[in-house]
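Colleague: Protein sequences appear in the order of chains Y and L.
Here full-length UniProt numbering is used: position 17 in the first sequence is 17, and no number is missing along the way.
Here full-length UniProt numbering is used: position 251 in the second sequence is 251, and no number is missing along the way.
Mixed in with the good hints there might be a few duds.
From the structure, some residues in chain L lie toward chain Y, with a derived Cβ separation under 8 angstroms [unchecked claim]:
1) Ile17
2) Tyr142
3) Leu151
4) Val159
5) Ser231
6) Ile233
7) Ile234
8) Gln257
9) Leu264
10) Thr267
11) Ala283
12) Leu290
13) Leu291
14) Val303
15) Asn305
16) Ile307
Read the hints as simulated data drawn from the structure, not as lab findings.
For glycine and all other residues, C-beta sits at the position ideal for the given N, C-alpha and C.
Chain residues, written in single-letter form:
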Amino acid sequence: MADFWKRFSRNRGAVIGLAILAIVVLVAILAPLLFPQSPWRMVQRPFLPPFAMDQYPLGTDALGRNVISGLAYGAQVSLLVGLVSTVAALLIGIPIGALAGYFGGWADDALMRFTEFFQTVPSFALAIVLVAIFEPSIQSIIAAIAIVSWPPVARLVRGEVLSLRSREYVEAAILSGQTSLTIILRQVLPNTISPIIVLASLMVATAILLESSLSFLGLGDPNLMSWGYMIGAARTVIRQAWWLSFFPGVAILLTVLALNLIGEGLNDALNPRLARRGK
Amino acid sequence: MLRFILMRLGKAAIILIAILTLNFFLIHAAPGDPAAVMAGEAGAADAKFIAQLREQFGLDKPLLTQLGIYLKGVLQFDLGYSYRQQMPVADLILDRLPATLLLTMTAFVISLVLGTAAGVLASARVGKWSDTAISTLALLFYATPLYWAALMAVLLFSVYFNWLPGFGYETVGANYTGFRRALDIGQHLILPATTLGLFFMAVYMRMTRASMLEVSQLDFVKTARAKGLKSGIIQRRHIFRNAMLPVVTLAGLQAGQLVGGAVLTETVFAWPGIGRLMFEALAQRDYNLLLGVFFVSAAMVLVFNLITDILYRFVDPRIRVA
Numbered sequence: 001m002a003d004f005w006k007r008f009s010r011n012r013g014a015v016i017g018l019a020i021l022a023i024v025v026l027v028a029i030l031a032p033l034l035f036p037q038s039p040w041r042m043v044q045r046p047f048l049p050p051f052a053m054d055q056y057p058l059g060t061d062a063l064g065r066n067v068i069s070g071l072a073y074g075a076q077v078s079l080l081v082g083l084v085s086t087v088a089a090l091l092i093g094i095p096i097g098a099l100a101g102y103f104g105g106w107a108d109d110a111l112m113r114f115t116e117f118f119q120t121v122p123s124f125a126l127a128i129v130l131v132a133i134f135e136p137s138i139q140s141i142i143a144a145i146a147i148v149s150w151p152p153v154a155r156l157v158r159g160e161v162l163s164l165r166s167r168e169y170v171e172a173a174i175l176s177g178q179t180s181l182t183i184i185l186r187q188v189l190p191n192t193i194s195p196i197i198v199l200a201s202l203m204v205a206t207a208i209l210l211e212s213s214l215s216f217l218g219l220g221d222p223n224l225m226s227w228g229y230m231i232g233a234a235r236t237v238i239r240q241a242w243w244l245s246f247f248p249g250v251a252i253l254l255t256v257l258a259l260n261l262i263g264e265g266l267n268d269a270l271n272p273r274l275a276r277r278g279k
Numbered sequence: 001m002l003r004f005i006l007m008r009l010g011k012a013a014i015i016l017i018a019i020l021t022l023n024f025f026l027i028h029a030a031p032g033d034p035a036a037v038m039a040g041e042a043g044a045a046d047a048k049f050i051a052q053l054r055e056q057f058g059l060d061k062p063l064l065t066q067l068g069i070y071l072k073g074v075l076q077f078d079l080g081y082s083y084r085q086q087m088p089v090a091d092l093i094l095d096r097l098p099a100t101l102l103l104t105m106t107a108f109v110i111s112l113v114l115g116t117a118a119g120v121l122a123s124a125r126v127g128k129w130s131d132t133a134i135s136t137l138a139l140l141f142y143a144t145p146l147y148w149a150a151l152m153a154v155l156l157f158s159v160y161f162n163w164l165p166g167f168g169y170e171t172v173g174a175n176y177t178g179f180r181r182a183l184d185i186g187q188h189l190i191l192p193a194t195t196l197g198l199f200f201m202a203v204y205m206r207m208t209r210a211s212m213l214e215v216s217q218l219d220f221v222k223t224a225r226a227k228g229l230k231s232g233i234i235q236r237r238h239i240f241r242n243a244m245l246p247v248v249t250l251a252g253l254q255a256g257q258l259v260g261g262a263v264l265t266e267t268v269f270a271w272p273g274i275g276r277l278m279f280e281a282l283a284q285r286d287y288n289l290l291l292g293v294f295f296v297s298a299a300m301v302l303v304f305n306l307i308t309d310i311l312y313r314f315v316d317p318r319i320r321v322a
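Chain L with its partners taken away, still in its complex shape (with noise of 0.2 angstroms):
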């Protein structure tokens, strides 16, 4: 097992190489000359203290050092710095990445236990009316922009009916403290964690529902009922514990769309995050941050997926042995 993750964290690692690779290439493809940029944000652009700049940041020396140079400062955490913001991109990431947390967190959980579920209700009466409608309403959520389903719920369970707050991360000026604001903030990430796990949640169905109606054609089913087991014994022991793999492996691989999913998400619901974050640096053409919060995300996202390959180990004791 410690052999296993060893070799799995060694894997990430080469990953994570190769993402901030392609980062700092990507920093160069950013338009404008990032001392020219510095130098016009100190409002002295003159050639004399451009290329001060450019020796001071290593920016005249050859590209492979540069990279190296970046390398080694994203080890201590370095990811730049923000022009726009005035502060460290690391430090604006770090403010704003625990909302991002409790939000894709959230939203996987609704996803993954209301898709499962449904695709489990949905496999126990297939042609059946209740069958219909539930793949249906995958196939809907399926098909439905992200961000379009957030603005429609701000407007229907906010605006019209008022039952929850549409815009922020708990409410502004009530100072409330302990499990009044935690209350309060569970309140706010309703909206949020519900409409950013809408597409997860068919995907996750569809799977579920696919996955139980394969499983249960398999012979040990059979053998199982011809013992004379309850239907709801051998569905919960038999099908859906084998039906579960092929999720839990999807579910791994759909992490990363849900940091992506963030962005549009948190930028309809005012939500403090670092995909709020992403939008503004888009807004200001901040390429530092730009890029910092996408490495972040591909970061979370290699987590993730270590998370779940180990959970994978757990499931499915097969592998564990092999």
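In isolation and in its complexed conformation, chain Y is listed as follows (with noise of 0.2 angstroms):
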């Protein structure tokens, strides 16, 4: 573990990256104590530019909604969704990809081409299709994103298993009679932890901006503050008040930035011997 951090610290973006993480992870969890009141409820007169009021330091929106409130709610939103969306899309991706590596033959053949299938069709397309034939909330846009983002996991995950597959501990387990369920769970799995674990932090920031496409489009819950919607109703009034969409974007350009830099850092420090390559 200490090895682990020291390679992760020596990545100077991934402890930046890390620290604005921390802090939005922080801000998410405090919104409710830091901003009692509903992000929806109306505050004070609409377009109130920022820095004129200690109150509310980034304005109002056009019907007097404290923006800063709406941007804490908004970090509560873009995180679960970018990591429920992640874990399920780990669920689909990691059996899949698991079964076509260890099988082969025509198991893999027909996982493959399904996979293929996926990656194929247009994602957001699709992701927005499906949010909207089975109605905008929090479930049905996890959902979308889940299904258009597990294909690089089943790919990443076959390819894994495949060269372990002829390893020699593994034909050991097979010839001391362990069911196959068992060698890929317990022998196989867990050695390809380190590449998903990176794939997977990127797949967190891919999910942020996926949810906050939708939500920008009108597709998010809309029951939930959240970083897209905020720019989506700022659209129209751009001219007369920047700052409604500006503060949005740049939480969420933060936050992804932050997961891909932690990304990286996570990559030299799992996968040593590639991260040296080019550098």
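Please assemble the complex out of the two chains, which come individually in their own frames, going by the hints.
Modeller: Right, dumping it as structure tokens:
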């Protein structure tokens, strides 16, 4: 663990990313304490510019709602969707990749054609269609993002499993009479964890971008304040009130950037052999 | 070569049918009974009329028969009817397709050219400040929400500096013709195409940089150096050509994302393409239109992938022989 941290912290960007993410997580957790009032509540006159009143440092929106409070609650939605949809995508992608790589043959062929199909279909367009048809809600958004983002997981796991499958210790496990399921779960998958963690950190970033894009188009959960919704609602008044779209965008940019930086740091720390290439 | 193209066409056809089948089931999952919706639009929602509509459109037949009818219809360019816009879906899409093709192709070229150029530059100066600057910029572009970049571009270049139009396809009411019109459209194209290309520029830049560095470690590059070739020639002829292979593959795969991104860009810039059409369909909950656009964008991706696959064989002679 100390060794891991040493390699991770050697990447300065990764440490900065971790610091930014820590702030976002903190704000999300403390949102109800920092802003006890609902972010939907009208608190001041509409279009109050930022830095005009201490109580509303980032101003108010077209309906007089507190922008900074919206940002804090929006962090909850972004992090929740990013995390849960990534876990869901892993739950779809890992079994498919593991079965394809372990059994090979027609199972591999069939599963990989299936994966290829989902990789060909334009993912954002599919996500839009799914959320629109199953009505926008936090569940349908998470499901749609998971459905469009699992293929890279399946391909990664398949590749790893394929190369691990012919190792001696796996053959020994087969000879000792372990079932395929035990071998996959106990012998093979634990050795694929590192690249999965790296990929997952990047997937959380992509999921946050996807969620914000859906909300921007009006496909967000109507009961939850989210960054994408704030920008979407401010789109038509951008000429009068630049701050309404500016600040939520910066929040998304920083969070996604932080996750990408962390992903690179994790890659350095978990795959030290690969990381040194090209440096 | 012909055999290869035929095989790829066959594969594309199978995927197309799979997409259509998915589309068909999604239409059925959409809220609201299509017959009831139609009757509602016609202003006569009594049970007898609905049953009549059901029979007329084959909605009373088994699901698989309906799927067959649907597939046959699509082969005849019938993507259903948009009751909101009072027009066949296929006509609506065909009307808007050229604008989207113009936008996505321009964004594709901009991102590929600038992205690889920046990648080559960064790889030639590893560790120097220009490499750091390019890599940081790429990291930022990679994390920027597309629609937000578009809005900020409008704010900066259109509202604040007033340099470029930030709205629409051409100047309304100007009635330009010929070259003047092309110039006008070109001006309107700059902001949407650049913002749509930003993310992909970052992707190609990172890929090119990594690939250039990897290839430059290979033995044949050492040989070329040992022979005394100038480093510029090695960069261009030996490293660059080989380093481009993974970039071309990636470009083909990314094409799909470009169509998706067009939904956001066209919405912000009021660009009259199929992305904007998809947004309108969403706002009006026009499911036939929504799924029609989805199908066409998926088909566009297939065509794009097919072209890259064939291009790839020209770029890499090793594949052609194998």
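Colleague: Classify the hint on Ile17(L) as holds or violated, based on whether any CB of chain Y lies nearer than 8 angstroms to its CB.
Modeller: 11 angstroms, violated
Colleague: Hint check: is the beta carbon of Val303(L) less than 8 angstroms from a beta carbon of chain Y?
Modeller: With a minimum Cβ separation of about 11 angstroms from chain Y (threshold 8 angstroms), the hint on Val303(L) is violated.
Colleague: Would the hint on Val159(L) be counted as holding, given a Cβ-Cβ threshold of 8 angstroms to chain Y?
Modeller: It holds, given that the least Cβ distance between Val159(L) and chain Y is near 6 angstroms, below 8 angstroms.
Colleague: The hint names Leu291(L) as touching chain Y; please verify it with the least Cβ-Cβ distance against 8 angstroms.
Modeller: The hint holds - Leu291(L) has a Cβ within 8 angstroms of chain Y, the shortest such distance being about 6 angstroms.
Colleague: Hint check: is the beta carbon of Ala283(L) less than 8 angstroms from a beta carbon of chain Y?
Modeller: 7 angstroms, holds
Colleague: Would you settle whether the hint for Asn305(L) is holds or violated, based on the nearest Cβ-Cβ distance to chain Y being less than 8 angstroms?
Modeller: It holds, given that the least Cβ distance between Asn305(L) and chain Y is near 7 angstroms, below 8 angstroms.
Colleague: Quick check on the hint: Leu264(L) CB to chain Y CB, less than 8 angstroms?
Modeller: Since the shortest Cβ distance to chain Y is 6 angstroms, the answer is holds.
Colleague: Can Tyr142(L) be said to touch chain Y, with a Cβ gap under 8 angstroms?
Modeller: 6 angstroms, holds
Colleague: Verify the interface restraint on Ile234(L): the C-beta must sit less than 8 angstroms from at least one C-beta of chain Y.
Modeller: 17 angstroms, violated
Colleague: Against chain Y, run the beta carbon of Leu290(L) and see if the smallest gap drops under 8 angstroms.
Modeller: It holds, given that the least Cβ distance between Leu290(L) and chain Y is near 6 angstroms, below 8 angstroms.
Colleague: Can you verify the interface hint for Gln257(L): is its Cβ closer than 8 angstroms to any Cβ in chain Y?
Modeller: Given a least distance of 7 angstroms, the restraint on Gln257(L) holds.
Colleague: Measuring from the C-beta of Ile233(L) to each C-beta in chain Y, is the shortest one below 8 angstroms?
Modeller: 22 angstroms, violated
Checked against the numbered hints given earlier, this structure breaks hints 1, 5, 6, 7, 14 and 16; the rest are met.
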